[in-house]
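Chemist: Residues per chain, in single letters:
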Amino acid sequence: MKGVLVFSVMTLRMLFRKRTPWGILIGVLLALFAIAQVPSFSVGNQGRFILDFGLFGIELGALVLALGLAANLFPQDREQRTVMPLVAVPLSRWQYLLGRFLGAAMVQASALLVSCAGLVVILLIRGIRVPGDILPATVLIVSEGWFLLATVFFFSFFTSPPLNWPLTTILFVLSQMSVRDFVGLAPSSPDLMRGLRLLLPHADVFHIKDPLAHGFDVAPQFFALAVFYGLCYTAFMLSLALAVFRGRDLK
Amino acid sequence: MRALPLLVLVLLCGCSLNSDPVDNAPHEVLGEECDLDHEHRQHEAGHACSETRWFFTQPWAARWYWDKLLRDGFVLLALAAAVTLLSRRRGS
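Chains as they are written, first to last, in numbering that gives the first Met the number 0: chain A, 0 to 250; chain B, 0 to 91.
Do not take every clue at face value.
[Said to hold, decoys possible] Quick look at which bits of chain A chain B covers, simulated, 3 or more residues with Cβ under 8 Å:
1) 168-174
2) 200-212
3) 222-229
4) 232-239
[As the list claims (entries may be wrong)] Label pairs and their calculated CB-CB ranges:
5) B/Arg70 - A/Arg80: 41 to 47 Å
6) A/His213 - B/Leu69: 22 to 28 Å
7) B/Arg70 - A/Lys17: 37 to 43 Å
8) A/Thr168 - B/Trp53: 22 to 28 Å
9) A/Met83 - B/Arg70: 39 to 45 Å
10) A/Met9 - B/Arg70: 36 to 42 Å
Calculated from the structure, these hints are not laboratory results.
As the structure is a computational prediction, the values presented were derived from the model and not from experiment.
We treat Cβ as the ideally placed atom computed from N, Cα and C, and that holds for glycine.
Put together the whole structure using the sequences plus the hints.
Modeler: Pasting the structure below:
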C-alpha cells in the first residue's frame with residue numbers, strides 16, 4: 000500500500016504542475032460568477048437560479064475535470080514508455096491504477112471543493128441564504144466526480160483520448176436519465192430500452208440541486224446512501240478498468 | 000473464464016431491476032398530483048402542488064427507493080471483488 004500512496008502523491012504533483020486542472024477550475028469559477036450576474040425578478044428567484052445553475056455547472060465541471068485529468072494519463076505513459084518500467088519492477092498493475100486514480104481523485108476533489116466554496120461566497124455576497132445541505136451536496140458531487148474519473152480510466156485502457164471524451168460524456172448524459180426518460184428516447188421499443196437502461200448506472204441518484212434550490216431538506220440518510228452508491232460504482236468501474244489493464248500487452 | 004462477462008451482465012441487471020422510482024412509488028405520492036387542479040400551481044417553498052410527480056419521485060425524495068440503493072451498493076462491491084479476483088487469476 001505504501002507504493003500506491005507514494006505513486007499517488009507523484010501523480011498529484013504531476014497533475015498540479017499541469018495547466019489543465021487550473022484552467023478548468025478557473026473556467027468553472029468564471030461560469031459561476033457569470034451565472035450570478037443574470038438578473039432576476041426577486042432575491043428568492045435569483046437564489047434558486049444561482050443554486051440550480053451553479054450546482055449544475057459544478058457537476059459539469061466534475062465531468063470535464065475527470066476527462067481533463069485522466070483521459071491522457073495512461074496513453075501518455077504508454078507513448079512515453081514510462082508505464083513498462085513502472086509495472087515491471089516497483090509497482091504491480093493494480094498499484095499503478097490505484098496510484099494514478101487516487102492522485103487524480105485528490106486533485107479533482109480539491110477543485111470541486113474550491114468550486115463549491117466559490118458558489119457559497121457568491122451566495123453570501125448576493126445576500127442569499129446558503130442552504131444547510133450545501134456541504135453534504137458537495138460531498139455527493141465529489142462522489143459523482145470520482146465515479147466519472149473511474150469511468151474515464153476504464154475507457155482510457157482501450158480507447159484513445161479523443162474517443163474517451165464522447166464515450167464518457169454519452170454515458171454521463173444517459174445515466175442521468177430516469178428509466179421513463181430513457182424509454183422515451185425510443186417509445187416504439189420500450190422493452191429494448193428498459194433492457195439497455197439496466198446496464199447503465201443510476202446517476203440520477205446524484206441529482207441534488209433541485210431540492211436545494213427549492214428549499215427542501217434532504218435526509219442525511221439519503222446523502223450517506225448516495226455517497227455509498229457512488230463509491231461502490233467507482234470501485235466496480237475500477238475493477239473493470241483493472242481487468243482490461245491486466246489483459247493488455249504493453250509492448 | 001468466458002463466463003465472467005456473462006456473470007457481470009447478469010448481476011448488473013439484477014442490481015438494477017425495478018429501478019424506476021415512479022414504478023415503485025406508493026399510491027399517496029402518485030395520487031398527490033390528482034388532488035389539486037391547475038389553479039393551485041402557486042405554492043410556498045417546501046409544499047407539494049400539481050404536476051410535481053417528477054419532483055417527488057426523484058431518488059432524494061423516494062424513500063421507498065433507498066433500500067434498493069443500499070442493495071445495489073453491496074451488489075456492486077461483490078461484483079468489483081469478483082472481477083478483480085477473476086482478472087488476477089487470468090493474469091497469473
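Chemist: None of the hints should be skipped; say for each whether it holds.
Modeler: To see whether the hints hold, each was checked on the structure:
With a cut-off of 8 Å between beta carbons, the segment 168-174 of chain A has 0 residues touching chain B; three or more are needed, and the interface restraint is violated. Using a Cβ-Cβ cut-off of 8 Å, 7 residues of the segment 200-212 of chain A lie near chain B, which meets the minimum of three, so the contact claim holds. With 4 residues having a Cβ less than 8 Å from any Cβ of chain B, the segment 222-229 of chain A passes the three-residue criterion, so the hint holds. Only residues whose beta carbon comes within less than 8 Å of a beta carbon in chain B count, and the segment 232-239 of chain A has 6; three or more means the coverage holds.
The beta-carbon spacing between arginine 70 of chain B and arginine 80 of chain A, approximately 45 Å, falls within the hinted interval of 41 to 47 Å. Taking 22 to 28 Å as the suggested C-beta distance range, the pair histidine 213 of chain A and leucine 69 of chain B conforms, at roughly 26 Å. A hinted range of 37 to 43 Å for the beta carbons of arginine 70 of chain B and lysine 17 of chain A is consistent with their spacing of about 40 Å. Distance hint check for threonine 168 of chain A and tryptophan 53 of chain B: the Cβ-Cβ separation is about 24 Å, which falls inside the suggested range of 22 to 28 Å.
Remark: the range hint 39 to 45 Å for methionine 83 of chain A to arginine 70 of chain B is upheld by a beta-carbon distance near 42 Å. With their beta carbons about 38 Å apart, methionine 9 of chain A and arginine 70 of chain B fall inside the hinted range of 36 to 42 Å.
In summary, the one numbered hint that this structure violates is 1.
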